[in-house]
Each structure stands twice: as structure tokens, then as C-alpha cells.
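Q: Take these sequences, add in the hints, and give me the full structure.
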Amino acid sequence: MKKNIVWLASYPKSGNTWCRVFLANYLSKSDEPVNINHLNIGAIFSSRQIIEDNTGFDISELTADECDELRSFAFEKWAENYDENAFVKTHDAFVTLPSGENMFPVRKTKAAVYFIRNPLDVAVSFANHLGTDPEKAAEKMCENKFCLAASKKKYNQQIRQRLLSWSGHVQSWTTQNNFPVLVVRYENILENSEREFQSILQFLNIPYNSENFIKALKYSNFENMKKAEQETGFKEKSPACKTFFKVGKSGYYKNILSENLIQKIINEHFACMKKYHYLSNSGELII
Amino acid sequence: MDKKMATTYTYSAFGINISSEIKIPEFLPSSGDIQVTVSYGEVPKKLDEKIINGFRFQISADEFIIRYKPWAAFYVCNGNKIIIQPEKDADENDIKTFLISSVIVMLLHQRGLLPLHASGIKVDNKAVLFAANAGVGKSTIALDLNRKYGYPLIADDVTVVSAINNLPVVYSSFPSAKLWQDSIEMLGLLNKDLPFIRKDVFKYRFDNRPAFFSGILEPLLIFVIENGDKENIEIQEIKGVDKFNVLRQHIFRAKMINEIYAVEHFKILTQLLKSVSCFKILKHNNSNTLNELSVTIQDTIKQW
Chain A
25 MKKNIVWLAS YPKSGNTWCR VFLANYLSKS DEPVNINHLN IGAIFSSRQI IEDNTGFDIS
85 ELTADECDEL RSFAFEKWAE NYDENAFVKT HDAFVTLPSG ENMFPVRKTK AAVYFIRNPL
145 DVAVSFANHL GTDPEKAAEK MCENKFCLAA SKKKYNQQIR QRLLSWSGHV QSWTTQNNFP
205 VLVVRYENIL ENSEREFQSI LQFLNIPYNS ENFIKALKYS NFENMKKAEQ ETGFKEKSPA
265 CKTFFKVGKS GYYKNILSEN LIQKIINEHF ACMKKYHYLS NSGELII
Chain B
250 MDKKMATTYT YSAFGINISS EIKIPEFLPS SGDIQVTVSY GEVPKKLDEK IINGFRFQIS
310 ADEFIIRYKP WAAFYVCNGN KIIIQPEKDA DENDIKTFLI SSVIVMLLHQ RGLLPLHASG
370 IKVDNKAVLF AANAGVGKST IALDLNRKYG YPLIADDVTV VSAINNLPVV YSSFPSAKLW
430 QDSIEMLGLL NKDLPFIRKD VFKYRFDNRP AFFSGILEPL LIFVIENGDK ENIEIQEIKG
490 VDKFNVLRQH IFRAKMINEI YAVEHFKILT QLLKSVSCFK ILKHNNSNTL NELSVTIQDT
550 IKQW
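Chains as they are written, first to last, in the numbering used here: chain A, 25 to 311; chain B, 250 to 553.
Keep in mind that the hints were calculated from the coordinates and are not lab data. All values reported here derive from a predicted model rather than from experimental measurement. For each residue, glycine too, the CB sits at the ideal point set by N, CA and C. Warning: the hint list may mix true and false statements.
[Claimed, not checked] As a list, the in silico DSS-like pairs of lysine-lysine whose alpha-carbon atoms are at most 27 Å apart:
(1) B/Lys295 to B/Lys318
(2) A/Lys177 to B/Lys479
(3) B/Lys371 to B/Lys488
(4) A/Lys132 to B/Lys318
(5) B/Lys318 to A/Lys169
(6) A/Lys101 to B/Lys299
(7) B/Lys299 to A/Lys132
(8) B/Lys529 to A/Lys259
(9) A/Lys26 to B/Lys504
(10) A/Lys250 to B/Lys479
(11) A/Lys177 to B/Lys397
(12) A/Lys261 to B/Lys479
(13) A/Lys298 to A/Lys278
(14) B/Lys448 to A/Lys176
(15) A/Lys176 to B/Lys318
(16) A/Lys101 to B/Lys504
(17) A/Lys178 to B/Lys397
(18) A/Lys178 to B/Lys448
(19) B/Lys479 to A/Lys251
[Claimed, not checked] Which stretches of chain B does chain A cover? Using the computed rule of at least three CB atoms under 8 Å from a CB of chain A, they are:
(20) 297 to 307
(21) 343 to 353
A: Right under this line is the structure:
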């Protein structure tokens, strides 16, 4: 059985799109930058269209739980269209269905790249994404059953995504044993994108081509992505926020979050932050 | 369920008279000769000669099985029979919702008809259809044109086309629309008493019986509506082979049936496209889009 699905998984605002822009440019044969609105690199796991196209069901007649039951089958079938890596972006935590069955098509999965970012910076960026303040965003990052819900008011291209809490999300992906996972820190991409993107290519056994690599690095530079969004807009941007590519820095939370909120986030996600080196062994903030 | 004790209701929808053991208030009552029966019974475990083995469904040329866990299994055969096997404690409203959409559409395919993913209105005794993917606003535009210009409605989600004596005809469906909250707001409807189509599915069922025309019509125009990315609404006539290719994409449940009914569909589409003009409309998502869309369509209808 062909195992070709590659998950590009993350809590929102953690570098997933950055990597997708890099990969889209790296795998593109063109000398021009890939249009950010036509990345043409696989799919999104919450795509209503892929689920409907590959199951035949009209999912506007189904509950969110019933939709989840279709996803594994739909994406297994969708992945058959690809000889090699079938990339799927997801913000869903690695969860099972209420029946105990896999929500993710693990038997067709090759590997996952999991992007992690300092939750303090995530809180700032996630607040922008949701069109809310950092306190509310941080609250959501602490909810054990948090979902990015599909709108109840109108038709939505995306279905509900179960995120869990920030720590719950990280643990769900990084402690499962169904397939190999490469954990990539957002801050490491910022520090040395060349090294990090190379390690992703190596992990996925994608042959290295220096010409393509240099081109892709340039086109996926944060400022270039930001410029592209200013020129053409970005269809993956949440309607609640003004711009998707906003700051793209590490430690930016220091300008925005109150001491109380910083402490609250640390208390809630202490173990995970320590494990991924956002806190020192003695619990001091590193970034 | 004891067959002898079962109450039956008789309805008309999609040009077909139906006898049903399940109550379908969305359909119009009928007293004509019955062509299709809907009954409770045992659904086969699987099809012997299936052509497509999908997710919880199987299809052969004359048979279709689908299982909506945990509500019911449906068996559709020979274009004239639907059998429903409900699960224990299944909600009848859930069963009915599946029955009057995907399940009955498979019966229409089996009958050699062409069900299009389109809403429709009646204009001077002819049919004008609005084909679009889910979420683009098929129901909303048909209802808006009804409210603004008085055109009777003939279909909400599925419009059936057939050919009689080599001439295309359009059958009305049934007088009920499925609407999202934002459509209800745009149309200025009151949703206080509207039921959801199913529990925990946030789409409303809207009865449009007073505005509905039931019958057979000659087709006049087809508008294919898509979401565009420009500031203004764009409209252009589709001609030649493009017309065929564009409409083929709007055959209802095309992904589910693949090419099983391609020959029947080709025949009807060919007849249809000889008789109708077809326009593609790219709409935008500004707040005035519905009004502009209605005016654009009305202008085109009037010029035709």
C-alpha cells in the first residue's frame, strides 16, 4: 500500500504556511514565484470540497462529527492522485473519532512535519487571526476542547477543526507513534531558514537541488510573502484579520502581552514550553 | 414495520408520482398514477455487481445502497423503488432529509433523467436555471428574483431535465428551500419559526409553497454562477463545446456516480444545449452582491 501522505501540521500561526510557500516554490518548475493564492501544494485537511469530491456526500447535511467520519476515507482517496508526497496542511490536533477509529488516514501516511512556535507569540498572532485581543486568544489556547468552528451562519469552505489546547495539540502530534514526525521550531526557521528547510527536505527524502533551493528560499522570505499579500491579498487569511503575514518575529509578545497574561500562559503550558526550549530547566523564559 | 399497517402518502416531485411510507411534508400531494414507491424494509448488505464501491455506498447501473450511520440504510433500484432500513431510535426527520436529497437523486439518475445542481424560476412559461456549486447562492438568487420580480420558483437545489420527443423539458422539484442564516438575512426573511434541516446542522428549511410553480416547462436560459475575485459582477455568454463542459460539471452527485449514466446524460445535455442559451456569471462578495446579481440577471432575461 502506497504511503504518501505528508502532514504539515501545526497550531495556527506557527510557520505552517511559510513552509508550504517554501515547498511550493521548491517543487515548482517555474522561475517565477508561485502565487500565494495558488500554492498548488496538496490540500487542507478541513477542505469541504475534497471531502465532498472524494466521498460524494453533501456535507452541508451532516453534523461536524459526521463530517469527521468521512475525512480519513476522503483523503486516502485524494492521495491516490499523487505518486509521491501528497502534502496536507492541518490545524487539527491528532485526535481519534468518538468511535475510537482514526480520524487521520494513518495507513496511507508517510510522515508529518510538526511546526511549533512559542505560545506567547502564538497568542499575539492568533489574536490577530481571530480578530480578538490576546487575552481571549490565550483563553482559547487553554481550552482543552477548543475548535476552530465552521460558521453556523453561512456556507464555509472549511469544516470544523478540533485544536484542543495549545499543549494538547503539541502532545497529540509529537507523542503519537503511527508515523515519523519531524518537529520544527518556528524560531529556528527565523534564525536559519536554510538549515531548517534543508532538514525538512532530508526528512522527507526529497532530492536536494541547490538552484531550486535558493530560488525557493528567496520567494518564501517573510518580506516577500508580506509584499505578495499586499499586492494580491491572501485567500487563506481569516476574514477577521486585516493581514495574514503581519510581524513574523520572535519575542514580539514582549511588546503586547501583560505580565499577568505571560505568566498565565506559562503556567498553563509549562511542561510543553520547557520540553521545546521556550523555558529553561529552571523555568526562565528563553525567548 | 408491519407492511399491512403502514400508512402511505402520495406525492409529486421532479415530475414523478411517489407513494411513500415516510411522511414528506416538503413534497406536494398527488393523486396521479404511482411510478415510485418508498417503503421501510430490509436493505441488501451489498450489491453483487457493483460498479462503484464508495464510502458507505455502492452503485451499479440499476441499484444503489447508501448507509448513513447511525440513522438508516437506503436501497434504490430500477428507478422505481426506494427501501429504507432505519437504525434503532433513528430520527425520521434525519431519514427524510437524506431521502429527499442524495437518495432520490440517485433514483432520478436510474430513471435516465438529468438532475442538475441548480435552482430555477419560471419566466413566461419557460424555465430559467441557476447552476452553481454549494455555497455560491443558488437558492438565494432564485428566491430574490421571486421576491423582486414575481417569478415563480421551480427548484431549490436540484432541477431535473429530460427530453420528450427530442425536445428538452424541465420538471419542477418541490417547494422547499435550504437556507443559511446569512441568506435569510439578505432576503429579509424571518427565521423565528424555521426549523433546521437536521438537529445540529445549522441550515434552515424554508417552505416556499405560495411562490412555487409545479409542472413541466421548456428551458430558456441557464446561468452558471461562480465566485469571482473582481470588484464587479462579470457576465459572459458561454458557447460551443464550453457550454457542454461547464454544464456537465453541474450534474448532481457527478462525483458519486462517475460516468455510469454518461450516455443518458449526454443525450439530454445535447438536446438541452441546442435549445438554451447559457451565461457564466462571476459574482463578488461585496455586501450588495445579491441586488446587483438580481438586476444583472433580470436585465439579461428582459433582453432575451
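Q: Next, verify each hint and record whether it holds.
A: Evaluated hints:
Proposed proximity of lysine 295 of chain B and lysine 318 of chain B is supported: the alpha carbons are some 15 Å apart, at most 27 Å. A hinted pair counts as satisfied when its Cα atoms are at most 27 Å apart, and lysine 177 of chain A with lysine 479 of chain B qualifies at roughly 24 Å. The straight-line distance between the Cα atoms of lysine 371 of chain B and lysine 488 of chain B is roughly 23 Å, inside the 27 Å bound, and the hint therefore holds. The straight-line distance between the Cα atoms of lysine 132 of chain A and lysine 318 of chain B is roughly 24 Å, inside the 27 Å bound, and the hint therefore holds.
Between lysine 318 of chain B and lysine 169 of chain A, the direct Cα distance comes to roughly 24 Å. Compliance with the 27 Å bound is thereby established for this hinted pair. This hinted pair checks out: lysine 101 of chain A and lysine 299 of chain B have alpha carbons roughly 18 Å apart, not beyond 27 Å. With a C-alpha separation of about 25 Å, the suggested pair lysine 299 of chain B and lysine 132 of chain A falls inside the 27 Å cut-off, and the hint holds. At most 27 Å may separate the alpha-carbon atoms for a hinted pair to count; lysine 529 of chain B and lysine 259 of chain A meet this at roughly 22 Å.
Annotation: proposed proximity of lysine 26 of chain A to lysine 504 of chain B holds, straight-line Cα distance about 23 Å (limit 27 Å). For the proposed pair lysine 250 of chain A and lysine 479 of chain B, the alpha carbon gap of about 21 Å is at most 27 Å, so the pair holds. The straight-line distance between the Cα atoms of lysine 177 of chain A and lysine 397 of chain B is roughly 24 Å, inside the 27 Å bound, and the hint therefore holds. Proposed proximity of lysine 261 of chain A and lysine 479 of chain B is supported: the alpha carbons are some 17 Å apart, at most 27 Å.
For the proposed pair lysine 298 of chain A and lysine 278 of chain A, the alpha carbon gap of about 18 Å is at most 27 Å, so the pair holds. For the proposed pair lysine 448 of chain B and lysine 176 of chain A, the alpha carbon gap of about 13 Å is at most 27 Å, so the pair holds. Between lysine 176 of chain A and lysine 318 of chain B the alpha-carbon distance is near 23 Å, which keeps this suggested pair within the 27 Å criterion. For the hint linking lysine 101 of chain A to lysine 504 of chain B, the alpha-carbon distance of about 12 Å falls within 27 Å, and the restraint holds.
Among the hinted pairs, lysine 178 of chain A with lysine 397 of chain B is consistent with the structure: their alpha-carbon atoms are about 23 Å apart, no more than 27 Å. Distance check on the hinted pair: lysine 178 of chain A and lysine 448 of chain B sit about 16 Å apart at the alpha-carbon level, within 27 Å; holds. Pair hint lysine 479 of chain B plus lysine 251 of chain A holds up; C-alpha atoms about 20 Å apart against a cutoff of 27 Å. Coverage of the stretch 297 to 307 of chain B by chain A holds [criterion: at least 3 residues with CB-CB distance below 8 Å; count 3].
Counting residues of the stretch 343 to 353 of chain B whose CB falls under 8 Å from any CB of chain A gives 4; the rule of at least 3 is met.
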